[in-house]
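Protein chains in written order, with numbering that gives the first Met the number 0: chain A, 0 to 416; chain B, 0 to 416; chain C, 0 to 416; chain D, 0 to 416.
Since the hints were made in silico from the structure, they are not lab data.
Don't take each hint at face value.
To be verified - Straight-line distance between alpha carbons at most 20 Å, and here's what the computed SDA-like set of lysine to any residue pairs gives:
no. : chain 1 : residue 1 : chain 2 : residue 2
1   : C       : Lys-228   : C       : Asn-318
2   : C       : Lys-380   : A       : Val-402
3   : A       : Lys-323   : B       : Glu-31
4   : B       : Lys-320   : B       : Ile-238
5   : D       : Lys-261   : D       : Cys-302
6   : C       : Lys-404   : A       : Ser-379
7   : A       : Lys-7     : B       : Arg-319
8   : C       : Lys-79    : B       : Gln-22
9   : A       : Lys-404   : C       : Ser-381
10  : D       : Lys-228   : D       : Asp-394
11  : D       : Lys-314   : C       : Glu-258
12  : B       : Lys-400   : D       : Asp-394
13  : A       : Lys-205   : C       : Trp-222
14  : D       : Lys-228   : B       : Asp-203
15  : B       : Lys-380   : D       : Ile-324
16  : B       : Lys-355   : B       : Asp-306
17  : C       : Lys-79    : B       : Ile-238
Each chain is listed here by its residues.
Number of protein chains: 4
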Amino acid sequence: MARQLVNKRKILNDPVYGFISLQSDIIFDLIEHPYFQRLRRIKQLGLSCVVYPGANHTRFEHAIGALHLMRQAIDSLRMKQVEISDEEAEAVCIAILLHDIGHGPFSHALEQTLVQGITHETLSLLLMEQLNTEFHQQLSLAIRIFKNDYPKKFLHQLVASQLDMDRMDYLRRDSFFSGVVEGTIGSDRIIKMLNVCDNQLVVDRKGIYSVEKFLVARRLMYWQVYLHKTVIVAEYMLILILERAKLLVKKGETLFAPEPLKWMLQHQFGLDDLSITDKKSNLIENFTALDDSDILSSIKSWCKHPDRVLSYLSKAIVNRKLLKISVADRPVSKTQLVEIKKKAKDQLGLKTNEIKYFVFTGSITNHIYEADSGTIKILSKSNETIDLENASDIDFKRLSKAVRKHFICYPKELDLN
Amino acid sequence: MARQLVNKRKILNDPVYGFISLQSDIIFDLIEHPYFQRLRRIKQLGLSCVVYPGANHTRFEHAIGALHLMRQAIDSLRMKQVEISDEEAEAVCIAILLHDIGHGPFSHALEQTLVQGITHETLSLLLMEQLNTEFHQQLSLAIRIFKNDYPKKFLHQLVASQLDMDRMDYLRRDSFFSGVVEGTIGSDRIIKMLNVCDNQLVVDRKGIYSVEKFLVARRLMYWQVYLHKTVIVAEYMLILILERAKLLVKKGETLFAPEPLKWMLQHQFGLDDLSITDKKSNLIENFTALDDSDILSSIKSWCKHPDRVLSYLSKAIVNRKLLKISVADRPVSKTQLVEIKKKAKDQLGLKTNEIKYFVFTGSITNHIYEADSGTIKILSKSNETIDLENASDIDFKRLSKAVRKHFICYPKELDLN
Amino acid sequence: MARQLVNKRKILNDPVYGFISLQSDIIFDLIEHPYFQRLRRIKQLGLSCVVYPGANHTRFEHAIGALHLMRQAIDSLRMKQVEISDEEAEAVCIAILLHDIGHGPFSHALEQTLVQGITHETLSLLLMEQLNTEFHQQLSLAIRIFKNDYPKKFLHQLVASQLDMDRMDYLRRDSFFSGVVEGTIGSDRIIKMLNVCDNQLVVDRKGIYSVEKFLVARRLMYWQVYLHKTVIVAEYMLILILERAKLLVKKGETLFAPEPLKWMLQHQFGLDDLSITDKKSNLIENFTALDDSDILSSIKSWCKHPDRVLSYLSKAIVNRKLLKISVADRPVSKTQLVEIKKKAKDQLGLKTNEIKYFVFTGSITNHIYEADSGTIKILSKSNETIDLENASDIDFKRLSKAVRKHFICYPKELDLN
Amino acid sequence: MARQLVNKRKILNDPVYGFISLQSDIIFDLIEHPYFQRLRRIKQLGLSCVVYPGANHTRFEHAIGALHLMRQAIDSLRMKQVEISDEEAEAVCIAILLHDIGHGPFSHALEQTLVQGITHETLSLLLMEQLNTEFHQQLSLAIRIFKNDYPKKFLHQLVASQLDMDRMDYLRRDSFFSGVVEGTIGSDRIIKMLNVCDNQLVVDRKGIYSVEKFLVARRLMYWQVYLHKTVIVAEYMLILILERAKLLVKKGETLFAPEPLKWMLQHQFGLDDLSITDKKSNLIENFTALDDSDILSSIKSWCKHPDRVLSYLSKAIVNRKLLKISVADRPVSKTQLVEIKKKAKDQLGLKTNEIKYFVFTGSITNHIYEADSGTIKILSKSNETIDLENASDIDFKRLSKAVRKHFICYPKELDLN
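So here's chain A without its partners, still in its complex pose (with noise of 0.2 Å):
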């Protein structure tokens, strides 16, 4: 029995932080369920590898890591006074390390199309319901946090929050496996400048730096890599094959895909489902066998398929050739974009409702600053709170406003002229 014990407390090589050790039974049961051994094979940053070879981590790793920040946070918190009892400390840790099990294969493009209306964080909640149940209510303080609803409020707002155990793992560990070493953010210098005041997570004085670095290296990560326009194009039609797919499916066409692919392919699903018992068990069972191996063997074998959109699409993403993407500051205009699709129709012989699949436009906006998804706040040396916009030199309520890019997208081989 003592063995058994001490083999959950397991080591783990993680790249970017070197050993992490797991310390409770919890954590290590939780982390062998087939839920969460399941984001092995999901890509933290799905398409970014067209653009960033090394892009290959999985959200196994990320929650793996921002678990071990988050103790980090709880130590040095704790060493500042603040009082987090075991349970809490437990609990926070769960609640972190379970705060992506809702993302599937491609999460944006499939919460685009096989899961419409459904967000990774409803489904999260989701799965963490479903394990408590299978824990004996082991996660109810932990789902409590997750859900903002403990009087303890940083607590909540180290799992979700402008300087969150998820933002400082996902920007480091993005930042290393892209290679994109400028987006390195100082994580231990953040966490060992975290504070608590009013039941609020706040920053000290001497850590404004810091911040002020992290959301400019953040602001970097968004425009050099999960919008870079290679990945932004490869997203888009992602999620083309799979509506492609959808209304194949719905003309009763025959599409190779595995089970839980093809149940999705075959079911509309919306927020108000999750409501109807079966239905709901249905959604996760189903949800919780897809990983991206699913979604890129199927792509696979739809190169050989005879709609021709659906080919098309599918042998683009499967040989990297993507359509052209161009960005510019404002959209293109309404006589452009009919010239450019009449230009597709025409050269490569498409029908009016196939166009769509070839020529698009869109946009794509990012906030440095989230002012409202609640400012963050330096703690002064008189023990007052201000806002970052209020103490730092760096105009963030400019850069709160979003910068909106647009883009259009038509096949590399159109002829424009």
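With chain A fixed as given, assemble chains B, C and D onto it according to the hints.
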């Protein structure tokens, strides 16, 4: 036109080396080829990620990294007045870029099941010849070098020898992504120490300590990563899954699988078949359509297959509930093995011909220094070459003897008392 | 003979960049010169090591590092078809190698005491001209570039501007050795993004986020390292020590010091004296004989000097018992200052003219973006240049305003109540 | 009062490990002591910076780093149920912090000249006892551990043995700052693998490859850094400079030097003198007043000394115009040596008793594995301990034999033909 030329001089972000720039058109075009793009979907270390969650890097990154080191080696040798023409430089770069092109998903497992008897080296050559046709014989010199069929032997040795760029990259890269920092090798210094004497690749005298450390680091990586017992058991289980699947297909049972995998499960294929044009092109077509996602997605489907051997092993891999593995210096005695098998049969209610999937033995070996695959030559101050084993204080002759360890695997739930 | 040539192509080990190879004879010979070797004994960050124990790197390493980046910049610009002749390349390399040759030990303190009114830039030029004579005018072009007296302005800007190789290296290096990892800048990427338009150094549009991050990292390094309050108080104390020593020497008191330091304590020296040949060569001789060891060793001796001001301050520096420093947004009020001085006088039994060595005030400023020293130009897609402050979402105009902070220093043992 | 306690829990920035926090008052107070602060001015690697420009790190940083690793080791051992009381933990931390307190500037050279016959270990103990008096016997347990006079032998072994925290830190740190990346050791993993059996420090079986790699990396660091031939010649020249200075002082010549150095040049001092209280305290006072700056500053002054031996060698060190050194497996033959000396005498016009300063021979040795200073014990699965040389496939017995190399030094300008 000019613009297109510029586009082929791409810069890639590599987490290990930073920026890598592609400096020739044909290199760019080869990377764009579907055979090569496919390497993006094949993990370099197969199932090692069951132990090292960060080890998700792909054969794509490795091939590019080895190319990068090759260019460093060429620069360094040219600085030492070693003559390498521009054509030779390009050819040896192509050779290293494509040296692993013949790898399939989970290569070790595959080579023992689906393409039994055909090594990835054979397949690499096969695909290089295919590409040579497509690229109008531009790869001929590269192929000669790859086959060691070119007078300047050192060029081949840069591609395949104990100090080749393949190893330089994979040791450093695998160490980086697994987080086993001690495996890090000083590839920079070793490359700076390379020299050529009588057309053979040699190491300058003062590089001897770096080479020693390289060999010991390699040894460490073998035991710590490549031959980690948990990785071994996972790989063996994968072999058994594929064998079982083949058997079921042979018996006429239906098995979910994407077309190329299905084809490979249905066809027995040997080295001889490569001389028959039709069979060869069938193999190439199906083989190059395969990647990790097909295997993973299929195994997930097989978790629900009525054959309990297949489903047991599949679930074990998917949910990481692996068999127990015990490693020792000596093999388990026959009596002991018989006894364990009997217990497995009784306790798990197995049929006789099913036992071998649940209880099996094997051995793993590791040479630190492969004297037979060509010794490492040290260039003395007086310009004579000495074998490393005579130049070093470390007894590499002793180390060149294979170290063999023996293991037995069986279900964790088995009660051995 | 040939052998000697080879010897000048040396390879240096740099902890920041790895191997750095010297690629020309004159570069090697300049590094060998005593003026340059002397930089080995001058710390890059002077007294910053009182806060950051790892910050012991020298001006020698920095100059070599900046040379290394200069060569990367030249390569990158040439790839973009910017014309740089071999002579220009060598000259700009010499210019960056020698840009800091005029630094003395603890430069900031020295410039305010021993060589009052003569900046290190003036001294650098002085020494470069001296070297030019010794090297038979081989440095003439380098000097023109250094003085911004050469038509291709971008060459000067690579040596001295907001994005020069000096800053690229020192920020990265200071961040590395201080351990303030957040200060790391992506010098690789910025260098890759440099371009030339109308003979001016510009940054390609897509490098804008890297430049933003560079500026914010620089700002962080200023507040966190260069202007760290403990570093400030140590530097001011050093200034006071040297001032006091000068005063004592003037009064005829004996002071231990190595000859060159003694000479400098004895001679008042101003910018005008540089036009008098004898005085100039005296200054050069004594100045280039000085390094950190003379200052440190003398201050240690002065710990036992009968003058209690000198010995108090010397002991404080040597044993790191620094004065207390308080920093605030506003200066201490006159009344408050008078009061503190009175207390110091009474409690410590000081003479009136001694008080200023124990209680003093000052201010520190920091511009993140120095609009006056030449704006950073961004090259738009349409090949027009825009000032960074107009191209970026960050309000650099606001940031270009100096941030000024005020401090007061006084002995820790003072009872202010 | 409370505030002051908090102040002693300081956080230091270390480029190697990141943040290091000091966790006890006495540790803080010891670091504040002038004996310890003095280590800030003593380079860890003495003259190695003539070859590795980045190797300017100090004994201060090393001692703090070793303390940091000691705390990791204590944590790791306690997790394995090894009993270490809080008092023992603090004592072993003090012991490692002060283990090198007896080092003077350029220790190796000094020990052979100024404090001939007194090792730094003896001096460390001397200073620790002095501190013990000042700190009211709070260091008694630390001293017992340091002297291996405490029953739990493993505590001493953590401070001084083949796997002590001293080596763990210095190898990693020296590798970091010299830029010899291959010397990096996996201190994290080795520390995690430490265990205790029968009060002896042992290594868990699965740590064997890490230990092997540690020993080979250590060996590499010896030949590449510590015993680099250019470092050797510089150190020998420093010894000769100090010997010559002593001789001149004895002859009554005037020599510039700070007081403590002057005192040491004037006094012959041996191990026996340590038992005479007055002599001992004189030595302590002068020795602890010395640091690198005194030696360097004096040698610079000596460049102009009329004694041509002293000035020749001094200039050679200052301007890095070192003697030539040739290293070989065998010593130079007597006839050859006589001949070279004769040439030196004739060509350089030396007096007979001056020759030995210009032409000299010597030898360097290196053990990879010091069997005599206690073998490394491996803990087998069956909880028995085996010597590493019996547990490893690498022949450490062979490697434990000293490797000896011989060298001869002479002026570069000598014409040997």
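Checked hints:
no. : hint                  : verdict
1   : C/Lys-228 - C/Asn-318 : holds (18 Å)
2   : C/Lys-380 - A/Val-402 : holds (19 Å)
3   : A/Lys-323 - B/Glu-31  : holds (16 Å)
4   : B/Lys-320 - B/Ile-238 : holds (16 Å)
5   : D/Lys-261 - D/Cys-302 : holds (17 Å)
6   : C/Lys-404 - A/Ser-379 : holds (16 Å)
7   : A/Lys-7 - B/Arg-319   : holds (15 Å)
8   : C/Lys-79 - B/Gln-22   : holds (14 Å)
9   : A/Lys-404 - C/Ser-381 : holds (17 Å)
10  : D/Lys-228 - D/Asp-394 : violated (27 Å)
11  : D/Lys-314 - C/Glu-258 : holds (16 Å)
12  : B/Lys-400 - D/Asp-394 : holds (13 Å)
13  : A/Lys-205 - C/Trp-222 : holds (10 Å)
14  : D/Lys-228 - B/Asp-203 : holds (17 Å)
15  : B/Lys-380 - D/Ile-324 : holds (15 Å)
16  : B/Lys-355 - B/Asp-306 : holds (15 Å)
17  : C/Lys-79 - B/Ile-238  : violated (52 Å)
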